[in-house]
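There are 2 protein chains.
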Amino acid sequence: MKTKTIKSISSLKKIIKTIKLSNKSIGFVPTMGYLHEGHLSLIRASKKENDITIVSIYVNPTQFGANEDFNIYPRDYKRDYLLINQLNVNYLFYPNNEIMYPIGYSTFVDVDNYNKILEGEFRPTHFRGVTTIVAKLLNITQPTIMYLGQKDAQQAFILTKMCQDLNFDCKIKIMPIIRDENGLALSSRNVRLNKDDYQLALQLNKTLKLGKELFLKNHSITTDKLLNACQNYIKKFDKISVDYIACRSVKKFDEIPKITEKCYLLIAAKVGNVRLIDNIILG
Amino acid sequence: MKTKTIKSISSLKKIIKTIKLSNKSIGFVPTMGYLHEGHLSLIRASKKENDITIVSIYVNPTQFGANEDFNIYPRDYKRDYLLINQLNVNYLFYPNNEIMYPIGYSTFVDVDNYNKILEGEFRPTHFRGVTTIVAKLLNITQPTIMYLGQKDAQQAFILTKMCQDLNFDCKIKIMPIIRDENGLALSSRNVRLNKDDYQLALQLNKTLKLGKELFLKNHSITTDKLLNACQNYIKKFDKISVDYIACRSVKKFDEIPKITEKCYLLIAAKVGNVRLIDNIILG
Numbered sequence: 275m276k277t278k279t280i281k282s283i284s285s286l287k288k289i290i291k292t293i294k295l296s297n298k299s300i301g302f303v304p305t306m307g308y309l310h311e312g313h314l315s316l317i318r319a320s321k322k323e324n325d326i327t328i329v330s331i332y333v334n335p336t337q338f339g340a341n342e343d344f345n346i347y348p349r350d351y352k353r354d355y356l357l358i359n360q361l362n363v364n365y366l367f368y369p370n371n372e373i374m375y376p377i378g379y380s381t382f383v384d385v386d387n388y389n390k391i392l393e394g395e396f397r398p399t400h401f402r403g404v405t406t407i408v409a410k411l412l413n414i415t416q417p418t419i420m421y422l423g424q425k426d427a428q429q430a431f432i433l434t435k436m437c438q439d440l441n442f443d444c445k446i447k448i449m450p451i452i453r454d455e456n457g458l459a460l461s462s463r464n465v466r467l468n469k470d471d472y473q474l475a476l477q478l479n480k481t482l483k484l485g486k487e488l489f490l491k492n493h494s495i496t497t498d499k500l501l502n503a504c505q506n507y508i509k510k511f512d513k514i515s516v517d518y519i520a521c522r523s524v525k526k527f528d529e530i531p532k533i534t535e536k537c538y539l540l541i542a543a544k545v546g547n548v549r550l551i552d553n554i555i556l557g
Numbered sequence: 275m276k277t278k279t280i281k282s283i284s285s286l287k288k289i290i291k292t293i294k295l296s297n298k299s300i301g302f303v304p305t306m307g308y309l310h311e312g313h314l315s316l317i318r319a320s321k322k323e324n325d326i327t328i329v330s331i332y333v334n335p336t337q338f339g340a341n342e343d344f345n346i347y348p349r350d351y352k353r354d355y356l357l358i359n360q361l362n363v364n365y366l367f368y369p370n371n372e373i374m375y376p377i378g379y380s381t382f383v384d385v386d387n388y389n390k391i392l393e394g395e396f397r398p399t400h401f402r403g404v405t406t407i408v409a410k411l412l413n414i415t416q417p418t419i420m421y422l423g424q425k426d427a428q429q430a431f432i433l434t435k436m437c438q439d440l441n442f443d444c445k446i447k448i449m450p451i452i453r454d455e456n457g458l459a460l461s462s463r464n465v466r467l468n469k470d471d472y473q474l475a476l477q478l479n480k481t482l483k484l485g486k487e488l489f490l491k492n493h494s495i496t497t498d499k500l501l502n503a504c505q506n507y508i509k510k511f512d513k514i515s516v517d518y519i520a521c522r523s524v525k526k527f528d529e530i531p532k533i534t535e536k537c538y539l540l541i542a543a544k545v546g547n548v549r550l551i552d553n554i555i556l557g
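Residue numbers (this note's numbering), protein chains in the order written: chain E, 275 to 557; chain F, 275 to 557.
Think of the hints as simulated: they come from the structure by calculation, not from any bench.
Keep in mind it's a predicted model, so treat the numbers as computed, not measured.
Do not take every clue at face value.
Just so you have them, the derived chain F footprint on chain E, three or more residues with Cβ under 8 Å [unchecked claim]:
1. 283-297
2. 385-391
Mimicking DSSO-like on lysine-lysine, the simulated pairs with C-alpha atoms at most 27 Å apart in a straight line are [claimed, not checked]:
3. E:K321 - F:K294
4. E:K445 - F:K291
5. F:K287 - E:K294
6. E:K288 - F:K291
7. F:K491 - E:K287
8. F:K525 - E:K294
9. F:K447 - E:K526
10. E:K447 - F:K294
11. F:K445 - E:K445
12. E:K298 - F:K486
13. E:K278 - F:K294
14. E:K281 - F:K294
15. F:K294 - E:K445
16. E:K291 - F:K491
17. E:K526 - E:K486
18. E:K321 - F:K447
19. F:K291 - E:K321
20. F:K491 - F:K480
21. E:K447 - F:K322
22. E:K445 - F:K321
23. E:K287 - F:K298
24. F:K281 - E:K294
25. E:K298 - F:K445
26. E:K294 - F:K486
27. E:K291 - F:K287
28. E:K298 - F:K291
29. F:K447 - F:K513
30. F:K287 - E:K321
31. F:K294 - E:K288
32. F:K480 - E:K288
33. E:K322 - F:K291
34. F:K322 - E:K291
35. F:K483 - E:K298
36. F:K287 - E:K281
37. E:K287 - F:K525
Just so you know, even glycine gets a beta-carbon here, dropped at the ideal spot from N, CA and C.
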């Protein structure tokens, strides 16, 4: 069966109602399109673990700041459709802005405490946009499991918190980062890197690996010392403008003085005109 | 069958899942308890129109400001249970604060544009608390129809907007205000009025009725003139402290210069220590 593309909320809701009545499980993969192997790994997991898989493609305007890259964010519906269809996805939800944010739209979801730090410090309205659109998508698709990528670790943490707090009836699975042959974390934004910037962008992952090495050599290294070493390494590259390098626990996303539990080591930086993020798990 | 009281979210979710699989409709009446005929009219409507009726009783702390009446809000579970059981309600959801807002709770829903006016001006965090708790309750109970009282007209408007905006799969029915024999809109807070204040409280409805008379006499009266007349009437009562008298369209809750469509005429005032609200529909 070919993947069915659905653009209207009410059509999709009708389909979901029938699926739910037959007690089938629904796997959901929300994306902004321009799919890469990272997305495809989420879709494969969903196909394996659920009766029905729904993928959404929607470049959500509310999660982009006024000076960000909403307009130049890469889009290619035809290519995305082919990839999705190859993976036997059942439904592709592909709405437009008029449907998702009709005139007079007013409702927003915030996960306080976590939405103004790290990414939120540099993109102050970003997570409000993310949690709002995902709350909408969850109500529309009513998934059994939603699949998210670890590359956006803070986003995955915040969405997990939102689902718990608002009592959404949905499990969340966070899938590992997929990297290219040189270690660059896959991102739809990578397409915007020129040759030189691509080489520079590899330094993000190298910085994280340096941090991991330091931790493996000395498990009781302080977080401050580890972060300083990473900062000192990457600051040698003039054309990389680091927004933050940080360490947060996987469980509660809080700062800890030493790596006594599983932690994300996170980095965000601008390389040329492209803002990239990456992370690695320590502990 | 006696009404079953359920205190845990997971227990209720299990029951809801079974109801949903059998394609039965669910009517939901969210309350803060201390039930009066207003609540009972919502419950009766739900019983009539749905296979299963769920009532929740929860005095939601996040919708009370720091200086408001959360601690003295009237509570009487035993009496409420008897009333609910008499009406053959299927399930009473009666959670506690630890369950609804566990330690670390962080997620809030806001309906911007409408949550800082009128009630929101005098109770700045009130609607954030209301929309948050109702979003949670909707995810837990997954109703076909939610029943709300017109007495809280702005709340009903905001919750309707939230359901539309966030794509909740739930209709909303707003049921008429129920009044006592002297015209006072029923409210759980009325129990806190002493004899003299009760007499004064009757002036709220009288003010609204004066407004309605003026409109019926002259359909093209300006909203300003009508509101001024109401203000002038009620300001004679020293012990009534008016927060606002306002006119808002039923459809969009916006201000209009003349009553050219269905409007709420709304009043909020403190009588003694008790803050009361009321409204009436014009047009």
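Taking the hints in turn, this is what the structure says about them:
1. 283-297: It holds: at least three residues are needed, and the stretch 283-297 of chain E offers 5 whose Cβ sits within less than 8 Å of chain F.
2. 385-391: holds (count 4)
3. E:K321 - F:K294: holds (24 Å)
4. E:K445 - F:K291: holds (15 Å)
5. F:K287 - E:K294: Satisfied, since the Cα-Cα distance of roughly 15 Å is no more than 27 Å.
6. E:K288 - F:K291: holds (18 Å)
7. F:K491 - E:K287: violated (48 Å)
8. F:K525 - E:K294: Violated, at about 33 Å.
9. F:K447 - E:K526: Given that 27 Å is the threshold and the Cα spacing comes to 40 Å, the pair is violated.
10. E:K447 - F:K294: holds (25 Å)
11. F:K445 - E:K445: holds (26 Å)
12. E:K298 - F:K486: violated (54 Å)
13. E:K278 - F:K294: This hinted pair holds, its Cα atoms lying about 25 Å apart.
14. E:K281 - F:K294: Holds, at roughly 26 Å.
15. F:K294 - E:K445: holds (19 Å)
16. E:K291 - F:K491: Given that 27 Å is the threshold and the Cα spacing comes to 51 Å, the pair is violated.
17. E:K526 - E:K486: Given pair E:K526, E:K486 holds - Cα atoms ~20 Å apart, limit 27 Å.
18. E:K321 - F:K447: Distance of about 39 Å is beyond 27 Å: violated.
19. F:K291 - E:K321: Measuring from Cα to Cα gives roughly 23 Å; hence the hint holds.
20. F:K491 - F:K480: holds (16 Å)
21. E:K447 - F:K322: Given that 27 Å is the threshold and the Cα spacing comes to 41 Å, the pair is violated.
22. E:K445 - F:K321: Between E:K445 and F:K321 the Cα gap is close to 32 Å, so the pair fails against 27 Å, i.e. violated.
23. E:K287 - F:K298: The given pair, whose Cα atoms are some 17 Å apart, holds under the 27 Å limit.
24. F:K281 - E:K294: holds (26 Å)
25. E:K298 - F:K445: holds (25 Å)
26. E:K294 - F:K486: Measuring from Cα to Cα gives roughly 48 Å; hence the hint is violated.
27. E:K291 - F:K287: holds (17 Å)
28. E:K298 - F:K291: holds (12 Å)
29. F:K447 - F:K513: violated (35 Å)
30. F:K287 - E:K321: With a Cα-Cα distance of about 26 Å, the restraint between F:K287 and E:K321 holds, given a limit of 27 Å.
31. F:K294 - E:K288: At roughly 14 Å apart (the allowed maximum being 27 Å), E:K288 and F:K294 satisfy the hint.
32. F:K480 - E:K288: violated (48 Å)
33. E:K322 - F:K291: holds (23 Å)
34. F:K322 - E:K291: holds (23 Å)
35. F:K483 - E:K298: violated (55 Å)
36. F:K287 - E:K281: Roughly 30 Å between the alpha carbons, so the hint for F:K287 and E:K281 is violated.
37. E:K287 - F:K525: Holds, at about 25 Å.
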